[in-house]
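Asker: Chains as they are written, first to last, in the working numbering: chain A, 1 to 437; chain B, 438 to 874.
No wet-lab data here; the hints were simulated from the structure. For glycine and all other residues, C-beta sits at the position ideal for the given N, C-alpha and C.
Computed cross-link-like contacts, DSS-like style, restricted to lysine-lysine with a CA-CA straight-line distance of at most 30 Å:
(1) B:K874 with B:K811
(2) B:K528 with A:K382
(3) B:K440 with A:K316
(4) B:K493 with A:K70
(5) B:K752 with A:K395
(6) B:K822 with B:K780
(7) B:K500 with A:K63
(8) A:K363 with B:K689
(9) A:K27 with A:K340
(10) B:K777 with B:K706
(11) A:K395 with A:K343
(12) A:K256 with B:K824
(13) B:K753 with A:K389
(14) A:K91 with A:K70
(15) A:K344 with A:K382
(16) B:K800 with A:K340
(17) B:K852 with B:K824
(18) B:K500 with B:K628
(19) A:K387 with A:K374
(20) A:K374 with B:K528
(21) A:K252 with B:K845
(22) B:K800 with A:K256
(23) A:K316 with A:K256
(24) B:K852 with B:K832
(25) B:K693 with A:K382
(26) B:K781 with A:K315
(27) A:K91 with B:K553
(28) A:K393 with B:K466
(29) B:K466 with A:K340
Covered by chain A, according to a simulated footprint, are these stretches of chain B (three or more residues, beta-carbon under 8 Å):
(30) 749–759
(31) 791–805
Protein chains: 2
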Amino acid sequence: MEKTEPRTLTGTMELLPREQILFNQMKQKIENTYQKFGFLPLDTPIIEFSEVLLAKAGGETEKQIYRFQKGDNDLSLRFDLTVPLSKYVAKNYGNLSFPFRRYQMGKVYRGERPQKGRFREFYQCDIDILGDGELGIIYDAELPSIINTIFRELGFDQFTIRINNRKILNGLFEGLQQQEKATSILRIIDKIDKIGEKAVREELINLEINEIAVNKIMNFITMEGTSDEKIQKLENWEIESQIFQEGVEELKQVVKNIRLFGVMDSNFKVDLTIARGLDYYTGTVYETFLDEYPQIGSVCSGGRYENLAEYYTDKKLPGVGVSIGLTRLFYQLNELNLIKTTKKSIAELLIIPMIEDLEEPIKLATELRNLGIKTEIYLNDKKLKAKFKYADKLKIPYVIVIGEDEIKTQKMAIKNMETGEEIRVDLEAKTIANTIK
Amino acid sequence: MEKTEPRTLTGTMELLPREQILFNQMKQKIENTYQKFGFLPLDTPIIEFSEVLLAKAGGETEKQIYRFQKGDNDLSLRFDLTVPLSKYVAKNYGNLSFPFRRYQMGKVYRGERPQKGRFREFYQCDIDILGDGELGIIYDAELPSIINTIFRELGFDQFTIRINNRKILNGLFEGLQQQEKATSILRIIDKIDKIGEKAVREELINLEINEIAVNKIMNFITMEGTSDEKIQKLENWEIESQIFQEGVEELKQVVKNIRLFGVMDSNFKVDLTIARGLDYYTGTVYETFLDEYPQIGSVCSGGRYENLAEYYTDKKLPGVGVSIGLTRLFYQLNELNLIKTTKKSIAELLIIPMIEDLEEPIKLATELRNLGIKTEIYLNDKKLKAKFKYADKLKIPYVIVIGEDEIKTQKMAIKNMETGEEIRVDLEAKTIANTIK
Numbered sequence: 001m002e003k004t005e006p007r008t009l010t011g012t013m014e015l016l017p018r019e020q021i022l023f024n025q026m027k028q029k030i031e032n033t034y035q036k037f038g039f040l041p042l043d044t045p046i047i048e049f050s051e052v053l054l055a056k057a058g059g060e061t062e063k064q065i066y067r068f069q070k071g072d073n074d075l076s077l078r079f080d081l082t083v084p085l086s087k088y089v090a091k092n093y094g095n096l097s098f099p100f101r102r103y104q105m106g107k108v109y110r111g112e113r114p115q116k117g118r119f120r121e122f123y124q125c126d127i128d129i130l131g132d133g134e135l136g137i138i139y140d141a142e143l144p145s146i147i148n149t150i151f152r153e154l155g156f157d158q159f160t161i162r163i164n165n166r167k168i169l170n171g172l173f174e175g176l177q178q179q180e181k182a183t184s185i186l187r188i189i190d191k192i193d194k195i196g197e198k199a200v201r202e203e204l205i206n207l208e209i210n211e212i213a214v215n216k217i218m219n220f221i222t223m224e225g226t227s228d229e230k231i232q233k234l235e236n237w238e239i240e241s242q243i244f245q246e247g248v249e250e251l252k253q254v255v256k257n258i259r260l261f262g263v264m265d266s267n268f269k270v271d272l273t274i275a276r277g278l279d280y281y282t283g284t285v286y287e288t289f290l291d292e293y294p295q296i297g298s299v300c301s302g303g304r305y306e307n308l309a310e311y312y313t314d315k316k317l318p319g320v321g322v323s324i325g326l327t328r329l330f331y332q333l334n335e336l337n338l339i340k341t342t343k344k345s346i347a348e349l350l351i352i353p354m355i356e357d358l359e360e361p362i363k364l365a366t367e368l369r370n371l372g373i374k375t376e377i378y379l380n381d382k383k384l385k386a387k388f389k390y391a392d393k394l395k396i397p398y399v400i401v402i403g404e405d406e407i408k409t410q411k412m413a414i415k416n417m418e419t420g421e422e423i424r425v426d427l428e429a430k431t432i433a434n435t436i437k
Numbered sequence: 438m439e440k441t442e443p444r445t446l447t448g449t450m451e452l453l454p455r456e457q458i459l460f461n462q463m464k465q466k467i468e469n470t471y472q473k474f475g476f477l478p479l480d481t482p483i484i485e486f487s488e489v490l491l492a493k494a495g496g497e498t499e500k501q502i503y504r505f506q507k508g509d510n511d512l513s514l515r516f517d518l519t520v521p522l523s524k525y526v527a528k529n530y531g532n533l534s535f536p537f538r539r540y541q542m543g544k545v546y547r548g549e550r551p552q553k554g555r556f557r558e559f560y561q562c563d564i565d566i567l568g569d570g571e572l573g574i575i576y577d578a579e580l581p582s583i584i585n586t587i588f589r590e591l592g593f594d595q596f597t598i599r600i601n602n603r604k605i606l607n608g609l610f611e612g613l614q615q616q617e618k619a620t621s622i623l624r625i626i627d628k629i630d631k632i633g634e635k636a637v638r639e640e641l642i643n644l645e646i647n648e649i650a651v652n653k654i655m656n657f658i659t660m661e662g663t664s665d666e667k668i669q670k671l672e673n674w675e676i677e678s679q680i681f682q683e684g685v686e687e688l689k690q691v692v693k694n695i696r697l698f699g700v701m702d703s704n705f706k707v708d709l710t711i712a713r714g715l716d717y718y719t720g721t722v723y724e725t726f727l728d729e730y731p732q733i734g735s736v737c738s739g740g741r742y743e744n745l746a747e748y749y750t751d752k753k754l755p756g757v758g759v760s761i762g763l764t765r766l767f768y769q770l771n772e773l774n775l776i777k778t779t780k781k782s783i784a785e786l787l788i789i790p791m792i793e794d795l796e797e798p799i800k801l802a803t804e805l806r807n808l809g810i811k812t813e814i815y816l817n818d819k820k821l822k823a824k825f826k827y828a829d830k831l832k833i834p835y836v837i838v839i840g841e842d843e844i845k846t847q848k849m850a851i852k853n854m855e856t857g858e859e860i861r862v863d864l865e866a867k868t869i870a871n872t873i874k
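Work the whole structure out from these sequences, hints included.
Answerer: In structure tokens:
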């Protein structure tokens with residue numbers, strides 16, 4: 001028979017079992033944390049009407065989306081979890097309780113040009129809190145505490161949640177009468193980590209912004225000090241803008257409340273260069289960096305928006321949310337050998353029967369499973385050595401061999417595959433379970 | 438602004454949070470069971486090269502598949518999890534350990550005409566055990582024990598795993614010299630539950646099968662007795678066919694070993710009418726029915742195949758697997774009000790602060806989360822009544838209110854939302870956690 005080459009599309013992630021275990025463990029930790037904070041699960045379809053997904057979008061999104069016709073339907077694969085959330089909330093408004101706290105972890109699709117670390121199919125792990133008409137600013141401080149919990153769960157304690165408020169930036173540009181150039185200025189500011197202060201200044205001058213304004217902008221974005229010092233400086237900043245003052249007040253509230261939520265000062269800071277895209281967020285914005293691995297870029301970002309579902313409903317639904325790009329994060333951490341985990345296999349115990357009559361080994365396996373031990377029994381007819389090799393390759397931590405002797409004496413040895421150590425115990429499920437737990 | 442109607446494509450499942458919690462709980466129970474038996478997780482991409490997905494397929498599959506062009510790539514959405522598994526194993530053969538036990542739970546896509554209970558996007562929950570060259574028949578008995586565990590976990594104890602062996606059917610047709618009409622005969626036999634014996638006989642006669650053969654077939658498929666009695670009858674069945682004898686011997690082995698795996702006689706039976714499709718399975722086949730709800734149809738099916746990945750590799754990879762169509766199963770059970778679960782909400786406790794200074798309530802929430810209690814704190818500025826209504830709608834089982842008094846006395850009441858009962862305890866995380874656990 002002619003064979004088809006078993007290819008996988010580049011830009012999709014397909015892991016070997018051992019890596020998949022690590023990936024799932026990370027995903028589970030994120031989900032556990034979302035649940036710990038009382039978020040409700042959602043699972044919207046991956047295929048939606050193109051008209052619905054593209055109600056707002058334009059430009060890049062339209063180019064990147066996977067779109068196709070099936071029968072009479074013009075369909076697309078979702079490119080994020082925010083647009084499906086908007087649709088969902090508009091559609092189910094009457095059946096939801098607000099503040100509506102939902103998490104969703106699922107695959108999204110973008111027609112990226114494949115390159116190392118760029119994915120066409122990838123997991124996003126989103127949480128959002130939506131208000132019905134209004135949502136207290138204090139929720140903007142709850143989200144960083146969730147980010148904080150997640151990265152600690154993942155084994156990192158040196159990370160920084162950088163926080164800003166879009167109103168401050170908008171107010172700055174208003175005060176400097178540079179609103180029309182706001183988009184271009186933001187784009188330049190956003191590059192400061194990459195290109196440095198001098199280049200930013202030059203690009204701003206090239207934008208034909210007057211020197212006084214350029215100086216103001218440069219002073220603003222290079223402002224030094226602790227979060228509190230920055231806020232104090234902003235409160236005294238000479239600028240004619242109501243929205244600027246509002247932003248500063250919100251930022252002050254957020255910083256105060258973040259501490260109440262138990263986030264340490266070493267894990268967050270005010271960073272006035274954070275803008276997070278150009279037209280979506282309207283208040284608080286976040287980006288999160290691992291201090292020792294800045295090259296990874298932001299590992300969790302988000303912010304506050306004024307009106308989630310305006311393309312589908314008249315209801316005003318302000319919200320605040322963050323998203324973790326799990327596939328990319330896993331890829332990067334794995335490349336850097338930074339996945340911190342203890343779990344290497346699914347099965348905790350492998351039973352190797354070396355007798356004809358399998359009654360006792362199988363019964364034991366069932367009993368161990370009922371006691372909560374993930375137990376595999378090796379049933380193929382192979383040499384003992386091959387069976388041990390199997391346990392070794394799968395990193396199953398404990399192995400027991402059951403042969404004639406073990407049945408006769410009702411004693412057996414539990415082998416710890418990591419240390420090589422053997423413990424002799426009674427051939428009895430509870431004893432075995434207690435020994436390896 | 439003109440609004441886009443927030444529509445969801447028919448044939449996709451989009452649940453309200455309360456139902457989603459139930460769905461996820463079912464999914465989790467299935468996954469836990471798969472892991473309990475030591476299966477390894479896989480997560481292959483949903484988008485694949487059409488050439489790869491359609492290497493074997495034809496007919497219905499080609500018509501139903503979601504296929505589209507993106508750039509230079511001819512892509513499709515997977516229509517099951519078996520073809521991606523074949524590709525995966527062919528591709529990663531050298532990096533896998535055999536018997537390779539994998540589970541995968543993910544969405545698959547079929548362009549079904551939308552009708553009640555038919556889905557275009559639905560979850561399949563698959564397990565397969567693959568051998569490298571060979572795989573012992575005893576694994577065919579392990580799978581029913583997994584099905585058995587799952588349905589008990591889901592709250593059902595009255596279900597029947599119907600078991601047959603394709604070799605017996607093939608041998609029968611061979612012995613009757615009806616191999617050419619085998620496909621048509623199987624199709625007719627398969628309908629016996631729906632159309633009855635008489636109609637089956639008539640259809641067989643219409644197929645121009647001679648009366649002796651029709652009588653043999655009818656005697657065969659209407660054979661009565663326990664599983665053991667049927668096997669005994671089959672052993673004495675007068676038919677000239679080697680393959681028939683092989684099938685009977687395999688079936689005998691499977692029935693014997695199923696009992697070793699702890700499946701009760703009330704939960705499985707030999708059913709000689711089970712065929713499971715026409716060209717895929719080559720040995721043991723299973724279908725599972727809930728005894729009290731036959732209208733749901735088979736809730737878990739599968740079987741033994743000789744060569745999983747023959748379209749991609751020369752390696753011979755026999756295997757045995759079963760699949761649960763979770764989306765359809767959930768839909769059906771939900772319609773019949775049969776979802777058996779205790780968990781109705783994510784959050785276990787709602788803290789309602791009725792004071793300005795949120796320091797203490799927020800600190801308490803953090804402490805409770807650290808103690809493993811899924812805790813939500815209501816932070817929006819609303820009347821107490823509205824906050825209680827929120828807890829009620831979300832079915833959060835416990836609520837505590839923290840006001841001036843509670844802070845002053847350091848005493849508070851935990852309200853059980855189901856019974857209305859209030860328990861007064863110290864305002865202290867550990868005490869609260871112990872009270873509601």
